[in-house]
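Chains as they are written, first to last, in this note's numbering: chain Y, 1 to 319; chain S, 1 to 319.
No lab work stands behind these hints: they were computed from the structure.
Possibly wrong hints are sitting among the right ones.
Said to hold, decoys possible - Examples of chain Y residues toward chain S, derived with CB under 7 Å: (1) 29; (2) 110; (3) 125; (4) 136; (5) 146; (6) 300; (7) 315; (8) 316.
Stated by the list, open to error - Listed next, the in silico DSS-like pairs over lysine-lysine satisfying Cα-Cα at most 30 Å (straight line): (9) 150(Y) <-> 160(S); (10) 41(S) <-> 93(S); (11) 137(Y) <-> 93(S); (12) 137(S) <-> 160(S); (13) 160(Y) <-> 15(Y); (14) 41(S) <-> 8(S); (15) 93(Y) <-> 8(S); (16) 93(Y) <-> 150(Y); (17) 160(S) <-> 137(Y); (18) 93(Y) <-> 93(S); (19) 15(Y) <-> 137(S); (20) 160(Y) <-> 137(Y); (21) 160(S) <-> 150(S); (22) 137(Y) <-> 137(S).
Computed from a predicted structure; not experimentally measured.
From the three backbone atoms N, C-alpha and C, an ideal C-beta is built for every residue, glycine too.
Number of protein chains: 2
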Amino acid sequence: MVAQIVDKGMVAVEKSLRQVIDSDIDTLHDASHHIIESGGKRIRPRLTLLAYLAAGGDRPETVVDLAAAIEMVHTATLVHDDINDHSLTRRGKVTVHARWGRTFALLTGDYLFTKVYELMAPYGAPYNVIMAEACVKLVEGETLQAVAAKAGQMDREIYKTIIARKTASLFEAGAYMGALLAGADDQMATALHDFGHNLGLAFQIMDDILDIIGDPEVTGKPVGLDVAKGMGVMMAQNGNKRPAGQPVATAVADVSTEIERDGVTEMLARLRDSGAVEVARQQAQEVASRARTALYRVPASPARDALEDLIDMVMEREQ
Amino acid sequence: MVAQIVDKGMVAVEKSLRQVIDSDIDTLHDASHHIIESGGKRIRPRLTLLAYLAAGGDRPETVVDLAAAIEMVHTATLVHDDINDHSLTRRGKVTVHARWGRTFALLTGDYLFTKVYELMAPYGAPYNVIMAEACVKLVEGETLQAVAAKAGQMDREIYKTIIARKTASLFEAGAYMGALLAGADDQMATALHDFGHNLGLAFQIMDDILDIIGDPEVTGKPVGLDVAKGMGVMMAQNGNKRPAGQPVATAVADVSTEIERDGVTEMLARLRDSGAVEVARQQAQEVASRARTALYRVPASPARDALEDLIDMVMEREQ
């Protein structure tokens with residue numbers, strides 16, 4: 001029953017995503033459809049929809065555009081990320097950047113961001129305030145990551161701040177707004193917010209692990225992409241059992257600032273041997289367990305079970 | 001009296017603009033303050049504020065964040081434009097792109113855009129819908145310009161569409177929302193919308209003229225910047241008295257697609273000799289006159305007089 005509602009909801013989310021990006025400017029139309037239709041896990045809108053249902057919402061059609069907006073923020077940042085990372089493939093397809101060039105990729109990212117705004121506008125003030133805050137945090141997290149990568153400085157605390165802002169912010173905002181829209185009281189909305197936050201952290205740590213040990217054929221993007229930006233250094237640091245807050249081991253920091261692929265290959269090997277991946281996986285399990293605890297503050301229901309399944313999906317994902 | 005209210009309002013707009021961009025991420029903080037504090041004419045927030053007053057609004061403090069949001073959209077697009085144009089100076093200062101590099105300029109533009117969202121969120125649905133639409137049009141206009149420049153195809157109709165979307169959209173949205181916030185009826189809100197629209201068109205045509213004949217010492221940016229992207233071709237075409245909708249004269253189109261500065265210098269000379277500037281100025285006078293006519297549908301008041309002064313400011317500006 002819930003599975004059917006979710007399936008139907010996710011179909012509606014896809015429809016919303018595709019309709020809102022239609023444009024009479026061919027380039028924007030084509031580039032936007034290219035990235036939106038390249039797939040992706042859609043975990044953020046699924047979380048938003050399920051949070052709405054778990055909080056007792058019974059008109060899922062009202063949460064569709066909100067869920068689509070959450071995915072749209074994520075998609076807009078992907079397009080801009082790919083410019084900054086010079087990435088050629090994303091989700092197994094050519095990036096907007098690689099196909100349409102930098103100028104149009106920049107404009108396409110901006111365009112998708114205006115579409116977030118368009119999807120959200122009808123929801124009114126509280127939702128727009130929450131969404132705006134999430135977007136601010138997200139850009140701050142991305143910037144902090146770029147700053148840390150450029151400086152070759154990354155420690156466990158900085159890493160935590162980065163993933164909380166750049167990834168967990170959107171997860172928690174989606175879950176929280178879904179709950180609010182269902183009329184959840186403070187307690188339940190906060191529980192779902194906390195669930196989203198910790199699920200987002202787990203998702204990002206697993207994402208960074210996949211960047212080291214993932215199969216590019218399965219993940220659809222080159223391995224070592226984020227390691228090159230210094231994200232993997234946190235894991236190396238954990239593997240080296242360095243105290244939090246202290247600059248990373250110089251040897252690792254040195255390779256982490258090398259953007260060249262040669263350096264990346266060497267660093268990946270070093271990371272795999274360091275035991276860092278196991279430590280990172282343990283951290284992911286910790287936050288996943290916090291997500292589970294938060295969920296127990298929500299009344300039992302098939303939707304809550306489906307939210308719990310999201311944890312497994314995140315922890316077991318291979319792409 | 002109105003002058004004092006406007007002065008006070010514009011001081012509050014500046015304060016709002018500066019406060020909202022504060023961040024604990026130094027790079028975002030510094031780059032945002034750099035561009036926001038580099039000045040600019042602030043014609044968009046002034047228009048928004050004056051439209052509010054002309055429509056009978058008597059609590060100008062309520063329109064301050066709205067006016068700031070309008071300027072913030074403009075500022076965000078400037079930062080991204082400068083990336084795409086490889087511009088080194090803006091408002092007589094180094095661009096964010098030139099000083100912080102492309103990655104941080106892209107993120108700073110995104111950050112400023114999230115701040116639009118933050119400033120607008122409390123205003124609720126109708127305002128956010130109008131603002132979202134304006135932002136979509138703006139990005140579409142920018143894209144259309146890039147497409148036309150790349151293809152070396154620019155005619156009078158395309159030019160009109162571009163400036164209506166990329167420039168007039170924000171002017172009209174600011175004036176319209178200012179009027180709505182003051183409680184204007186449909187008739188008055190529409191009159192101020194139309195005023196903003198035509199003022200925006202006049203502003204952009206004059207801007208493109210300044211790109212050809214302006215003094216870089218006064219404008220604070222290099223001459224021939226937009227001509228290189230093909231905008232000036234519309235004027236050349238008018239100077240050549242070619243019918244609207246027809247591709248531009250090959251000779252002009254050829255130089256217009258040359259981004260190199262040498263080609264630009266030659267093209268500028270050609271444009272100045274072609275009489276195109278005079279034709280463009282005539283077009284600006286036409287839309288300025290339409291702006292004036294729209295204004296006469298608004299009851300006479302000192303604020304309306306101040307709006308009329310904006311027309312003169314646009315038509316006589318040298319920077």
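Residue 315(Y) was flagged as interface toward chain S. Is the shortest Cβ-Cβ separation under 7 Å?
violated (30 Å)
Take the shortest C-beta to C-beta distance between residue 300(Y) and chain S; is it under 7 Å?
violated (34 Å)
Pair hint outcome, residue 41(S) versus residue 93(S) [Cα-Cα no greater than 30 Å]:
Cα-Cα ~15 Å, so holds.
Per-residue hint verdict: residue 110(Y), partner chain S, C-beta under 7 Å
holds (5 Å)
30 Å limit on alpha-carbon distance, applied to hinted pair residue 137(Y) and residue 93(S):
holds (28 Å)
Does residue 125(Y) pass the interface hint, meaning its C-beta sits closer than 7 Å to a C-beta of chain S?
Check passed: Cβ of residue 125(Y) comes within 5 Å of chain S, closer than 7 Å.
Residue 160(Y) and residue 15(Y): Cα distance at most 30 Å?
Roughly 35 Å between the alpha carbons, so the hint for residue 160(Y) and residue 15(Y) is violated.
Next pair to validate is residue 41(S) with residue 8(S); report whether the Cα-Cα distance is within 30 Å.
Answer holds: residue 41(S) to residue 8(S) is near 16 Å, not above 30 Å.
So if I understand the rule, the pair passes when the alpha-carbon distance is 30 Å or less; does residue 15(Y) with residue 137(S) pass?
Answer holds: residue 15(Y) to residue 137(S) is near 22 Å, not above 30 Å.
Is residue 160(Y) within 30 Å of residue 137(Y), Cα to Cα?
The given pair, whose Cα atoms are some 13 Å apart, holds under the 30 Å limit.
When you check the alpha-carbon spacing of residue 150(Y) and residue 160(S), does it fall within 30 Å?
violated (43 Å)
Does residue 136(Y) hold up as a contact with chain S if the rule is Cβ-Cβ below 7 Å?
Where the cut-off is 7 Å and the nearest Cβ of chain S is about 5 Å from residue 136(Y), the hint holds.
The structure is inconsistent with the numbered hints 1, 6, 7, 8, 9, 13, 15, 17 and 18, although it conforms to all the rest.
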